[in-house]
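> Numbering of the sequence shown is given in numbering that gives the first Met the number 0, commencing with residue 0 and proceeding in unit increments.
Honestly, the hints are just simulated from the structure, not real lab data. Honestly, I wouldn't trust all of these hints.
Below, simulated DSSO-like cross-link-like pairs (lysine-lysine); rule was C-alpha separation at most 27 Å, straight line [stated by the list, open to error]:
#1 Lys58 to Lys42
#2 Lys103 to Lys58
#3 Lys130 to Lys48
#4 Lys48 to Lys58
Taking CB as the label site, the calculated pair distances span [to be verified]:
#5 Asp33 to Arg167: 39 to 47 Å
#6 Gln135 to Ser113: 22 to 30 Å
#7 Gly148 to Glu117: 39 to 47 Å
#8 Gly93 to Val131: 13 to 21 Å
#9 Ile75 to Asp150: 43 to 51 Å
#10 Lys48 to Arg182: 45 to 53 Å
#11 Lys42 to Ala191: 42 to 50 Å
#12 Val131 to Ala191: 16 to 24 Å
#13 Arg53 to His166: 23 to 31 Å
#14 Lys42 to His186: 43 to 51 Å
#15 Pro174 to Arg68: 21 to 29 Å
#16 Arg182 to Lys42: 38 to 46 Å
#17 Gly81 to Ser57: 17 to 25 Å
#18 Glu29 to Ala191: 37 to 45 Å
By construction, the Cβ of each residue, glycine as well, lies at the ideal position given by its N, Cα and C atoms.
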Amino acid sequence: MMTIATPTRPRVEGEREDEILDACVELVIELGYDRLTMDAVAKRARASKATLYRRWESKASLVVEALIRAKQSPHIGDHDTGSLRGDLLSTFCGNQGINETATKVLGSVITALSTDPEFAELFRDKFIAPKVAITQAIYLRAQERGEIGPDVDLEMIGPALAGILLHRTFILGVPPDDATIERVVDHVILPAVQHPSCGGRTTTLTSTLKRPTKARKTS
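Could you build the full structure based on these sequences and the hints that come with them?
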């Protein structure tokens, strides 16, 4: 029995596609997911609605791809710095991590997770799952180094840092910054997972992010 391949939708030319995705994220932040329309994206990007539908079959698929690829979206990467603390800070701090722009993007779509099943499925599968995998890899490396024990529940600890930051942002109204992320790592995450023999903090945020430091004077 022959298997018929599912046809892929034609791509829009490189820079033009990027312009559409950037316009989509701008409008999501301005309007929220529920009020966003394909017409509005087409108008902002100066593209035809037909162009959008040739490439994306629905608003949900367009928004999720925009969240993944657009410049304004959070792009968490996996950075192996040699320590759990360093990996967490380099991954979650800075422009690529959980910052004010990233929380604006996430805040604009959060209600859609309970109102739009198609968006919720695509968002969790294509946007959240890769970030969960990166966090899991960070903790697995820490286990391989002997920084944390094999009995640490990675499924529970993995989302803890992001969860605390998002709780502070959306529930308490406190925007995230690098200093807050450092405090959460040092006072919540590391004490929860590290072996006592590992000691406390061994590096600072500035050294982790490879900023120059002044030599300490000796007496």
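> Does lysine 58 sit within 27 Å of lysine 48, going by the straight-line distance between their CA atoms?
holds (11 Å)
> With 39 to 47 Å as the target window, see if glycine 148 and glutamate 117 comply at their CB atoms.
holds (41 Å)
> Honestly, do glycine 81 and serine 57 meet the 17 to 25 Å range at C-beta?
This hint is violated: roughly 43 Å between Cβ atoms.
> Okay, lysine 42 versus histidine 186 on CB: inside 43 to 51 Å?
Taking Cβ atoms as reference, lysine 42 and histidine 186 lie about 47 Å apart, which means the hint holds.
> Against the range 38 to 46 Å, how does the distance between the Cβ atoms of arginine 182 and lysine 42 compare: consistent or not?
Cβ of arginine 182 to Cβ of lysine 42: about 43 Å, so the range 38 to 46 Å holds.
> Please check whether isoleucine 75 and aspartate 150 have a Cβ separation lying inside 43 to 51 Å.
At 26 Å between Cβs, range violated.
> Does the Cβ-Cβ separation between proline 174 and arginine 68 fall within 21 to 29 Å?
Since the Cβ atoms of proline 174 and arginine 68 sit about 24 Å apart, the hinted range of 21 to 29 Å holds.
> Has the hinted range 37 to 45 Å been met by the Cβ atoms of glutamate 29 and alanine 191?
holds (38 Å)
> Taking the Cβ atom of arginine 53 and the Cβ atom of histidine 166, is their distance within the range 23 to 31 Å?
Distance hint for arginine 53, histidine 166 is violated at roughly 40 Å.
> Please check whether lysine 42 and alanine 191 have a Cβ separation lying inside 42 to 50 Å.
The hint (42 to 50 Å, Cβ to Cβ) holds, given that lysine 42 and alanine 191 are roughly 48 Å apart.
> Can the restraint linking lysine 103 and lysine 58 be considered satisfied, given a maximum Cα separation of 27 Å?
Holds: lysine 103 and lysine 58 sit about 19 Å apart, inside 27 Å.
> State, for the Cβ atoms of aspartate 33 and arginine 167, whether the hinted interval 39 to 47 Å holds or is violated.
violated (24 Å)
Comparing the model with each numbered hint stated earlier shows that hints 3, 5, 9, 13, 17 do not hold.
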